[in-house]
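Trainee: Take a look at the letters that make up each chain.
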Amino acid sequence: MKLKTILLLAIIVLLTSGCSQKKPKPNGNASDANGIAADTVSIDESGVNGQSGYNGSSDGMKSVYFDFGKYNLSYDMQSTIALNASVLRQKLKGRKVKLEGNCDEFGTDEYNYALGLKRAKAVKDSLQAQGINAGQIVLVSFGESNPQCYEATDDCYARNRRVDLHLTR
Amino acid sequence: MRYLLMFIVTLQLFAVDATLKIEKDVEQRARISLVDGSGSSSGMNEKFFNTLFSDLKISGHFLPDHTHHRGSVANGTIAPSLKSKDYVLKYALSQSGGLKATVKLFNASDASLLAVKDYRIGSANKYPFLAHKIISDINAVLKYPDISWLNRYVVFSRYTTAKRSVIILADYTMQYQKTVIRGGLNLFPKWADSQQKSFYYTSFNGTLPTLYRLNIYNGSKTRITSSQGMLVCSDVSQNGSRILLTMAPNAQPDIYEMSVASRSLRQITNFAGIDVGGKYLGGERSIVFVSNRLGYANIFKKAIGGSAVSQLVYRGRDNNAVDANGNKVLYSSRESHNSFGLNAFNLYLMSANGSGTRPLTTTGVNQFPRFSANGNAVLYVKQYQNRSSVGYINLASKQTLLFPLGGKVQSIDW
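Protein chains in written order, with the numbering used here: chain G, 616 to 784; chain E, -16 to 397.
Hints in this document: simulated from the structure, not taken from any laboratory.
All residues carry an ideal CB built from backbone N, CA and C; glycine is no exception.
Warning: the hint list may mix true and false statements.
Per the computed footprint, the stretches of chain G lying under chain E, defined by three or more beta-carbons under 8 Å from a beta-carbon of chain E, are [unchecked claim]: (1) 696 to 703; (2) 731 to 743.
Computed cross-link-like contacts, DSS-like style, restricted to lysine-lysine with a CA-CA straight-line distance of at most 27 Å [to be verified]: (3) E/K180 with G/K685; (4) G/K685 with E/K262; (5) E/K180 with E/K161; (6) E/K30 with E/K381; (7) E/K391 with E/K180; (8) E/K161 with E/K204.
With the rest of the complex left out, here is chain E (with noise of 0.2 Å):
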């Protein structure tokens, strides 16, 4: 009976155990540690380690060493006081007509290897693209969740002065960037393709907004479409061959769908206010999007051809911001009672049937949601104490990483 007793506790206490598996704590988490095999320390040197751990961070499946180690490449062998990590990973950076980087990845107890791989790229100043490579490739060897939005571009237009403003191209944390066009108006940048070769942006350098769509790689811009008033493309179908406009053909706000190749159009919704913002739902039979309808921004769900509009969000007075990714909804809103002076923006996360809201951000100035293209992760811009950043927040591991950014952001996609 003594024994059997026993037993039925044991049992329990392993229970417990298991559901407590579910959530990812920072124990689960792959321990690593980065030994730099570059040689002489340079500026580069630090940048490069510092991406890499900024990569391994957000990834939420590992909990990188603070500790910049040194040591060579070349040897097989693991320090003993990286013994008690899961993982070592060593590389060596060499500038020589561009970037260099040899990566080997090991079992930190065992020292086996796991995995060697070698880059290179022909620009010195692509580095912090290089460092994401790496890290997105070693969490795919140990089979890790996807987290290939690491490499992705980030496209975002900033206003300069006034009627002026810059499309810039950056990485995920901003060390990288570059203007792909300058001079006049051109705003709301949106990737035509999930292979991100081309993006959409609106042009005011003309009479009537108009639509382009711009190759980023060889340059040829296409023009799609032109409207009086407004004309943003506000999302892009899974295969590119649709795209959402928000545009007003009659001097009225509403929210289109056209096809690329026809160029033919499909009125959405029509309203009397403001409906913008449309963002496809999983399967793109349905979007939500921004409207006015009750006085006031509000986030709302409509089917594409239907007639119904139904009311999304039930909270706030100011929900002005709203992307979509499957059946997941994230928008921003305004808690500010005050019409001016310190204004707070919040980012919510939602399922499009209206259940499970929870809040992602809780201070500051919160805007311009947006997923990543698997829906992991969220992109936002921040403003808090007078300081600009662009924020990541993965949604499963919860982990959140803010990177300064200058100026007055106008939009931003990746």
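If we strip away everything but chain G, and leave its shape as in the complex, we get (with noise of 0.2 Å):
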């Protein structure tokens, strides 16, 4: 009988103490609401040195156009890294020339601007070796932030995956 009792005890002690959710204990009251965040500014930079918004190359240079993922100059791009070396020796004079490296919009965040980037080093070094000074080159990347076309097709991202040349101070 008496081992009986012992274990119907434990058992309610294992079912009281296995079957509990442990809840956690509320705190008491909460005071007062401070904490979120007051008003924010808005500024407008429209007017700081804003960028033309052109697309392609300017100044009588052709852009150049690269394949999907890539930083090397093809084959076919050669005549055209001729052509833009022959316009500059014409007129860069003082002036410098500014590479701007874009990519289509596959890939995110920053490596993208890093091969824009990557693009335009391609094609500072092609025109380096063609005769330019180098310390008249000005590299930028846009990544993928500024495309000729949106459609989803092949031609369009190819035409996105581009070096453009422009004459700048």
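The task is to assemble the complex, starting from two chains supplied on their own in separate frames and drawing on the hints.
Mentor: Okay, here's the thing in structure tokens:
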């Protein structure tokens, strides 16, 4: 009989401890309600040296195009590089040439901007090899921010994988 | 002997139950009902209820009741139909010179009052933040693990047209949105401090990409540095004194660490290809980053000041974005084999020692992986069937939420 009682008690203890869902015990009242952020500013940078919004190259130069995910110059683009070098030899004088690297919409975040930069660097190296002064070449990558077209076609994506050339001061 | 056998069997049963309790399941979440005492029903009341509901759901600690119950906050009794819940949250919203909320949390079974709180904000369009604060507060009152990430701002840049973008502040549900920078091309916003008073961003409005820090409360703008080619603030140390930059002073994208006070630079990577996206690992003595040193984008690890670089990820051929929090690493991986057309990017979670890789998404294009400040939740941007959404995953409870997001996001941080 005694053993029966002990066992019964053991089972009751296990039942109550094993099945209980441990809920956190509430902690009384909360009071005031600070901590919601105050109003924030809004600034307009439209007038601050805004980009001209052009696509493609200017000043008689032609854009240089790249294969998907690549930043090496293809054989097809050598004649374009030669043309651009020729234009720069005539027009560059005391000015600078800005090389803008661009990508298609694939890839995200920083990697695409680095890819655009490597493309601009490849064009810079080629122009330098054709006698253009490296000190007069400025590079900037626009990643996927400057597409020439928006269609979901291979032709369109290919047009966006390019380096544009512009004369600047 | 019969009793002994029964005792052993009983012990075995409860041993199994104890093991099961480790996994947070549906039954372990607190059942809670929302009772709205706001009076006349309005669009705002519906939106407020929906926001409270979403917050409870993504917390992973509550099983919220879908029904939008109505009832007075002043009434201290609990309706019989709600007695089966664990908690009842009564609230009343009023719009007078902003937005005011009175909130009472009750234990459902005995109608005991657990918390009372009054809230007031000056601007009604910030109502999502009010809802988030209420839920994170009752979560704290009930001593559940911290979900204060609900209260944080999300900052993101969105393309508008070619070479044009805006930078927007939002709450995590994207219901509140405010443009903080418009005009020109301003990209890669990154919070500069844990209090979210300022963020870094890169301006492309001059000849060279230039990094600025903008105080979102007083509008003061500080120029940090410029670089040829590209310049991105990829990560900020816990105390805000150091930042990881991807920059290219010699036309070569590498990762640098800058002391914000002295502006002194230290080059961390030096590779002829692409090194980008440095993120501090726990202790801030090493980083993870994205590099194409094997011929394709992949995730690597390096000690700051050390020379050895180790490959962290051994799957996928295009792993082009990474984030880190403590010893946890999050990355996106391109799964599709085609160059174009149907793309699939999925997110993976792993430890910084390379073990325990776990997929977090399975469909669509999932990019921009970002840990919450405490590392318990993940934010990402999902493109699926021509729809763009911002998604959240509670890593502990595995709860997920998606909120619609218009336009093409360039970068995002929270």
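Trainee: Each of the hints needs a verdict: does it hold here or not?
Mentor: Structure-based check of all given hints:
Counting residues of the region 696 to 703 of chain G whose CB lies closer than 8 Å to any CB of chain E gives 0, which falls below the minimum of 3, so the coverage claim is violated. Using a Cβ-Cβ cut-off of 8 Å, 6 residues of the region 731 to 743 of chain G lie near chain E, which meets the minimum of three, so the contact claim holds. Taken as a hint, the E/K180 and G/K685 pair is broken in the structure, with Cα atoms around 39 Å apart against an allowance of 27 Å. Simply put, G/K685 and E/K262 have alpha-carbon atoms about 25 Å apart, close enough for the 27 Å limit, and the pair holds.
Simply put, E/K180 and E/K161 have alpha-carbon atoms about 15 Å apart, close enough for the 27 Å limit, and the pair holds. For the hint linking E/K30 to E/K381, the alpha-carbon distance of about 25 Å falls within 27 Å, and the restraint holds. Simply put, E/K391 and E/K180 have alpha-carbon atoms about 25 Å apart, close enough for the 27 Å limit, and the pair holds. Pair hint E/K161 plus E/K204 holds up; C-alpha atoms about 18 Å apart against a cutoff of 27 Å.
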